[in-house]
Amino acid sequence: MYISYESLIVGVVTFLLIIMLIRASKIRIKDAVFWIVWTITLSIFAFVPAVQNWIKELVGTSDPSLFLFILMVSFSYFVIFRDSAIISQHENKIKELSQNIAIQQLEQKKINREIMEIINKKK
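Residue numbers 963 to 1085, in the working numbering, belong to the letters of the sequence shown in order.
Hints are computed from structural coordinates only; laboratory data are not their basis. Some clues are possibly wrong.
Using C-beta positions, here's what the derived DEER-type ranges look like [what the hints assert, rightly or not]: (1) 1049 <-> 1016: 34 to 42 Å; (2) 1076 <-> 1048: 41 to 49 Å; (3) 1056 <-> 1036: 27 to 35 Å.
Computed from a prediction, not measured in an experiment: that's the story for all the values here. C-beta atoms are modelled at their ideal positions from N, C-alpha and C, and glycine is treated no differently.
Could you put the whole structure together from the sequences, leaning on the hints where they help?
Below, the structure is given as structure tokens:
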């Protein structure tokens, strides 16, 4: 039986890395699920070479290592795109929160001035 050791090694290393990051609370479970699905996909490619060969033929490569490289680059592209979308959402939230804080500080200064005026009038 042929086993794609490249896929298996990458899958196992990625899985172990994800487990270590989860234990250290350095990655959210939501993101970890995404990576675990990736490791399962690589494991399928390792133990069921027919799936890898079928997709390899669709892509048009002849070498399993080249296919795995193309797959990883494509996956990285998807991850970068997803992370860019998340970063954009967070930037918008940060901008909105900063504006709210600025408005609240301005209102607080106005209230403080009014209180000081009242105190000064009573003296």
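Here's how the hints hold up against the structure:
1. 1049 <-> 1016: 34 to 42 Å: Given range 34 to 42 Å: holds, Cβ gap about 35 Å.
2. 1076 <-> 1048: 41 to 49 Å: About 42 Å separates the Cβ atoms of residue 1076 and residue 1048, which means 41 to 49 Å holds.
3. 1056 <-> 1036: 27 to 35 Å: Check passed, 30 Å falls within 27 to 35 Å.
This entry satisfies every hint, going by the numbered hints stated previously.
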